Every structure is written in C-alpha cells, then in structure tokens.
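So the protein lines, in turn, are chains A and B.
So the first sequence is numbered by our numbering: it starts at 1 and just counts up by one.
So the second sequence is numbered by our numbering: it starts at 1 and just counts up by one.
Be aware that one or more of the hints could be misleading.
Straight line, CA to CA, 25 Å or less: simulated BS3-like cross-link-like pairs of lysine-lysine [said to hold, decoys possible]: (1) B/LYS51 to B/LYS64; (2) B/LYS51 to B/LYS75; (3) B/LYS64 to B/LYS40; (4) B/LYS51 to B/LYS40; (5) A/LYS109 to B/LYS40; (6) B/LYS40 to B/LYS75; (7) B/LYS53 to B/LYS2; (8) B/LYS64 to A/LYS34; (9) A/LYS109 to B/LYS10.
Computed Cβ-Cβ distance ranges for the label pairs, DEER-style [stated by the list, open to error]: (10) A/SER217 to B/GLN38: 43 to 51 Å; (11) B/LYS2 to A/LEU108: 27 to 35 Å; (12) B/ALA79 to A/TRP32: 33 to 41 Å; (13) A/ASP35 to B/LEU31: 53 to 61 Å; (14) B/ALA20 to A/ALA155: 28 to 36 Å; (15) B/GLU48 to A/ASP169: 49 to 57 Å; (16) A/ASP200 to B/PHE30: 14 to 22 Å; (17) A/GLY54 to B/GLU43: 17 to 25 Å; (18) B/LEU25 to A/ALA155: 51 to 59 Å; (19) B/GLY12 to A/ASN185: 29 to 37 Å; (20) A/LYS113 to B/GLN38: 21 to 29 Å; (21) A/THR168 to B/LYS53: 50 to 58 Å.
Some, not all, of what chain B presents toward chain A, calculated at C-beta under 10 Å [stated by the list, open to error]: (22) LEU9; (23) PRO16; (24) GLN17; (25) ILE42; (26) LYS64; (27) ALA67; (28) GLU72; (29) LYS75.
Calculated from the structure, these hints are not laboratory results.
On a predicted model such as this, the values are computed, not experimentally measured, just so you know.
For glycine and all other residues, C-beta sits at the position ideal for the given N, C-alpha and C.
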Amino acid sequence: MRAGVIVFPGSNCDRDLAVAFERTGAKVSMIWHKDTELPQGLDVIGIPGGFSFGDYLRCGAIAAQSPICRAVVDYAHRGGYVIGICNGFQVLTETRLLPGVLMRNSVLKFVCKTVGLSVATEDSAFTRNYHRDQVVHFPIAHHDGNYTADAELVARLIGEDRVAFRYTDNPNGSTDDIAGVLSENRRVLGLMPHPERAVDINHGGSDGAALFSALASVLELA
Amino acid sequence: MKARVQVMLKQGVLDPQGEAVRHALGSLGFLGVNSVRQGKVIELELAETDKAKAEASVREMCDKLLANTVIESYKVEIA
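Take the sequences, apply the hints, and build the full model.
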C-alpha cells in the first residue's frame, strides 16, 4: 500500500498517522500543503489531526482551500480512498467531501481523553476488521468535534449505512452520537477520534490498528 | 472600496458560545436576556471601484471561504 499524508502548517498528528500506515507495511509519502499535485500511485491519502492554519476563520476552512486540497478532492472524486482524522475530518467537511459540520463542543471545553466508540458499520474498507456494535477505544483531543447535521441528513446517513462510529458516551454534543461518517461511495472516512494514537500497546490501547490493517488488506489486493 | 461582511449562524442552528455568553450575562445580574447569538464581522479593503462588481466578488468570497453556508448566513455591505 502506498499512503500519502498531507502536512499543513499546524498539523501535529501527521507523523503519528505515517507511523500507523507504516506499521501495515505501507510506504508513506509526506505531502506539503503547497504542492499542487499528489505523488503518482497513491492508494490512500490521510489528512491528519492538528490545528491547520491555527484554526483561523473556522477549523479546517483555510486548509480546505489550499492547493493540495483541490488535488485531494479530485482524487476522491476519481474514487480514491481518503481518511481524515480530527482536524482532517473538519477539513473534509469544509471541502464538502463529507456532509455536516463540526461545531464547538457543547461543553465548550477542549476534551482530551480516551472514549468508547461503537462500530456502526463494518461495510467499509476502514471498518471491515471490526464487527458491528463492537466497542473500541480511541483517544479524542478536540474543541470543535460537535458533529452537526439536520434531521434530514441524519436520516440519510442512517438510511445509507454511512455512520462509521458512534460515541458510547457523547463527549461533545454530536448529533445522534456520531463520531465518524463515510462518503456515498464509502471510500472517504472522517472521524474525530484518533485511531492512529491507538495502534500500539504502549499507546495505552491498540484498537485503532485494525482500521489500518483493514485498509491495507483491501488496498493491497486492489 | 471597503466591504463589511457579517457572518451569523443560521436560524435554528444551536450556538453553544452564544448560550455560554447568555448564562454569563445572567450570572452578572443582567436579567431578561432571552437569547444571545454570536457571529463574526470581517472587513475587507478592495482595489475594485465598481460597487456592483465589488459586491459580487465579496459574495463569491463568502460562498467559497468566509462563511460555511451549511450552517452560516452572511450579509455584505459595500461602502
């Protein structure tokens, strides 16, 4: 598997994400935000957590307009796999590759802790190594993770089985406890919790490893 | 030419920060504040001298970057 990790000024989980990909045997390229083209032959792109461009204006808004993001949007429209974690999820909603918005946490505090997540679908390259309703534990660390969607969108996401993860104990006010969603073609995943910070027992848990190994097993066959 | 953009959350979108401000006002003794909505004001200085063109261009900026029209609405004033 060849993975690309986008690096914005203010990204801070880019290297963690690269390590999580590398553990599956992937070759990883770090891609600077000012680049206008992606390296050839990528199987998946990761948009990491952090505070791209200082979270100025809105979280992810400026990153979403950066030159490389135009290439990422084209890549996703061609059927490419993309995973956006935390700030990366915010970037994906700002590019409209994923629906909904991440608003300020309803508790108005930065929340940094490990949370329980219930796997809402196993029907994606990201979640196929889990089983539906399995509870996994990933860390969260965000101030703006309150997934906001109107009733119509929530009904559509549920109807199309596009909710990937739900919080078992909602930490931020997210609509319908949603922690992660899939695109219509199920190849773009955005989630606020950090699977890349839970891939080694020394991280305090390794529940995230199955997400990366699932992706590698699908993409190596492709 | 100057432009002033006001970005507000749309009606019906819960504003957690506005709610926190409302609670703080209540605890300071300002009673009877039924609702607080918080937004942003963005001022731009433009080289454009044609008012209609300036407004069209700022509206495009709002749609592309300055507002997230999923949850926010905006008003543009040109002066």
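Results of checking the hints against the structure:
no. : hint                            : in the structure
1   : B/LYS51 to B/LYS64              : 20 Å, holds
2   : B/LYS51 to B/LYS75              : 15 Å, holds
3   : B/LYS64 to B/LYS40              : 16 Å, holds
4   : B/LYS51 to B/LYS40              : 22 Å, holds
5   : A/LYS109 to B/LYS40             : 20 Å, holds
6   : B/LYS40 to B/LYS75              : 11 Å, holds
7   : B/LYS53 to B/LYS2               : 12 Å, holds
8   : B/LYS64 to A/LYS34              : 19 Å, holds
9   : A/LYS109 to B/LYS10             : 23 Å, holds
10  : A/SER217 to B/GLN38: 43 to 51 Å : 47 Å, holds
11  : B/LYS2 to A/LEU108: 27 to 35 Å  : 34 Å, holds
12  : B/ALA79 to A/TRP32: 33 to 41 Å  : 39 Å, holds
13  : A/ASP35 to B/LEU31: 53 to 61 Å  : 56 Å, holds
14  : B/ALA20 to A/ALA155: 28 to 36 Å : 30 Å, holds
15  : B/GLU48 to A/ASP169: 49 to 57 Å : 52 Å, holds
16  : A/ASP200 to B/PHE30: 14 to 22 Å : 52 Å, violated
17  : A/GLY54 to B/GLU43: 17 to 25 Å  : 19 Å, holds
18  : B/LEU25 to A/ALA155: 51 to 59 Å : 36 Å, violated
19  : B/GLY12 to A/ASN185: 29 to 37 Å : 30 Å, holds
20  : A/LYS113 to B/GLN38: 21 to 29 Å : 27 Å, holds
21  : A/THR168 to B/LYS53: 50 to 58 Å : 53 Å, holds
22  : LEU9                            : 9 Å, holds
23  : PRO16                           : 5 Å, holds
24  : GLN17                           : 6 Å, holds
25  : ILE42                           : 9 Å, holds
26  : LYS64                           : 7 Å, holds
27  : ALA67                           : 9 Å, holds
28  : GLU72                           : 9 Å, holds
29  : LYS75                           : 17 Å, violated
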